[in-house]
Each structure stands twice: as structure tokens, then as C-alpha cells.
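Peer 1: Take a look at the letters that make up each chain.
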Amino acid sequence: MKMELIQPFINAADAVLAQGLQCSTSVGHLSMEEEAYRRHGVAAEIYLTGDIEGRIILDLAPETAVRVASHYAGAEVPESDDLVRETVCELANQITGNAVTALNDQGFHFRVHPPVLHTSEHGAKKQRGYRGARHEFRDRTRKHVYEYCATLQPPTAVRTCWPWSDSNLPSDTHLSSNLLFGNPTVQAARILDFAVGAQLRQSLFPHSGGANKKFVN
Amino acid sequence: MVSSVGYQENIVAALQRGARHFVQKPVKPEVLYEVIKYVLGEDGAVAGAASAGA
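Chains A and B are the protein sequences, given in the same order.
The working numbering puts the first residue of the first sequence at -7, with every later residue one more than the last.
The working numbering puts the first residue of the second sequence at 6, with every later residue one more than the last.
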């Protein structure tokens, strides 16, 4: 396992989660995984092609995924809401995109494919050549641990679980449920809310507020 | 254009296909705000020149 290939994923996960969730994190224990990956919660996977081919999996415990989605939405989101799964997909996309950016700028050649939900309950059977690395992260209190698992022989897996504390959630705003449903105006507003937050979106595009009202929880 | 993949080749391809600017996700609000102001400023300058010429 080449650490130069693993480290950008760890850095990207750390940076994207810390910025998006406004919470400092620390990186914990890294270990090798020889067994096939098994999903633990709400998981998104992204296929990589290029110099090395495989997949990246971001896997959040169900209650963690709900809290993270609620954080981005600015309102409580029920576990059944598609926004929970869309949020995990978007986080996986951002983490993988940032890691691949760093790798490609170092001279590697990877191509990122769109995220899809990882729905299988059990991992595929152990495959020849499967090598993995698992990484733990802890927050400052060391109470909340999430794990991060990556392989760079096929299949590639990155697993992150982030148990979440209420104190980390901002007491913010009044937006909405589903991110990717509704008419294009509402959809655009939601994507902007997801990217920059409702407050800035409303200040940039004051007339977009009306389109969103019907989605306020 | 906003994308999570921001290596140089990707940015060049986006700009060649008509993107006015490129911001990598995760987006920092202050960066996006400056980029939007910049792009709208470009549009304003072009519209101003067109109306002056008409």
C-alpha cells in the first residue's frame, strides 16, 4: 500500500468534513483491511478509473447521516428523506474530487465517476489482490470516532463513520428537505443552499426566497 | 462552474467549453461571492459597452 496514494484521501476527508460541518477533527489509527467491505450505514460509492481502478466508499452511521444532512439543510431531516442519501453522495463526491485533484496535480491520472448509493448489505467476497487501509478519526473530546477505510487494489474502499454530537450542530436557519427534487428554480436554490448556506443565497438572490418557502419545514 | 474536481486539466477544459470561472467544492461563501461579483461585473461591462455603441 502506497501511503502517497492514501494520504490525499485522508487529507480531503478531514478538510471537507471540517469545513462543511464546522468542526475540528483529528486523524486516528490507520490499519490494513484484508476482508471485503461491509456497509454499516448510509453509504455512497464512487468509482475511480485511471492509473489504479477501484472505488471509494463513504459510509456514515444512520444517525450520523441524518444529523449531517440536517446540518446542511438547516432544519431537521427525517431518516427516510432522500436528502440524507443525497448528502452522503455529495460528501463522497467532494472528498474524492479533492483527493483526485491532489493526486492528478502530482502527476497521477485518475478519473472520478458520479457517486451512487452503496446499497449492498454485505461486501463482495474477498478478491485476489484486495488490500485495504482503515483510518480512525476522533474529535477533540475523543468521544466520537469515525473510521475511514481505503484500498487501492480493486476494489478501493474508503469508509468514514462520524458519530456526531448535538453541540456541533449550528442552531442555524430554516431550509428545507429534498435537495434534488422540484422545479429548476427551487432545485438551483437548494443546490446553492447546500453549497453556500441559505443566508448567503438569499442575500445574493433575494428573489429566490419565494420559490423555497413551500419547502420550509 | 462549480466542481469537486479541480485539477488543472479539468479547469482548462471547463473554461474552453464556455465556463466563465471555476470554483472547487467545498465552496467557501466568500470565494463564491467574489467570483459572482466578478462575473456579474464582466457582464455589466459588456452590456454597458453594447448599449453605449447602440
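Keep in mind that the hints were calculated from the coordinates and are not lab data.
The model shown is predicted, which means the values in this text are computed figures rather than measured ones.
Even glycine gets a Cβ: it sits at the ideal position worked out from N, Cα and C.
Just so you know, not all the hints are guaranteed correct.
Unchecked claim - Here are a few chain A residues that face chain B, going by a calculated C-beta distance under 10 Å:
| id | residue |
| --- | --- |
| 1 | Leu(-3) |
| 2 | Gln11 |
| 3 | Gly12 |
| 4 | Asn85 |
| 5 | Ile87 |
| 6 | Thr88 |
| 7 | Gly89 |
| 8 | Asn90 |
| 9 | Val92 |
| 10 | Arg103 |
| 11 | Val108 |
| 12 | Leu109 |
| 13 | Thr111 |
Peer 1: Confirm or reject each hint.
Peer 2: Here is what the structure says about each hint:
{"no.": "1", "hint": "Leu(-3)", "result": "violated (15 Å)"}
{"no.": "2", "hint": "Gln11", "result": "holds (5 Å)"}
{"no.": "3", "hint": "Gly12", "result": "holds (5 Å)"}
{"no.": "4", "hint": "Asn85", "result": "holds (5 Å)"}
{"no.": "5", "hint": "Ile87", "result": "holds (8 Å)"}
{"no.": "6", "hint": "Thr88", "result": "holds (7 Å)"}
{"no.": "7", "hint": "Gly89", "result": "holds (3 Å)"}
{"no.": "8", "hint": "Asn90", "result": "holds (6 Å)"}
{"no.": "9", "hint": "Val92", "result": "holds (6 Å)"}
{"no.": "10", "hint": "Arg103", "result": "holds (9 Å)"}
{"no.": "11", "hint": "Val108", "result": "violated (15 Å)"}
{"no.": "12", "hint": "Leu109", "result": "violated (17 Å)"}
{"no.": "13", "hint": "Thr111", "result": "violated (22 Å)"}
Violated hints, listed in ascending order, are 1, 11, 12, 13; each of the other numbered hints is respected by the structure.
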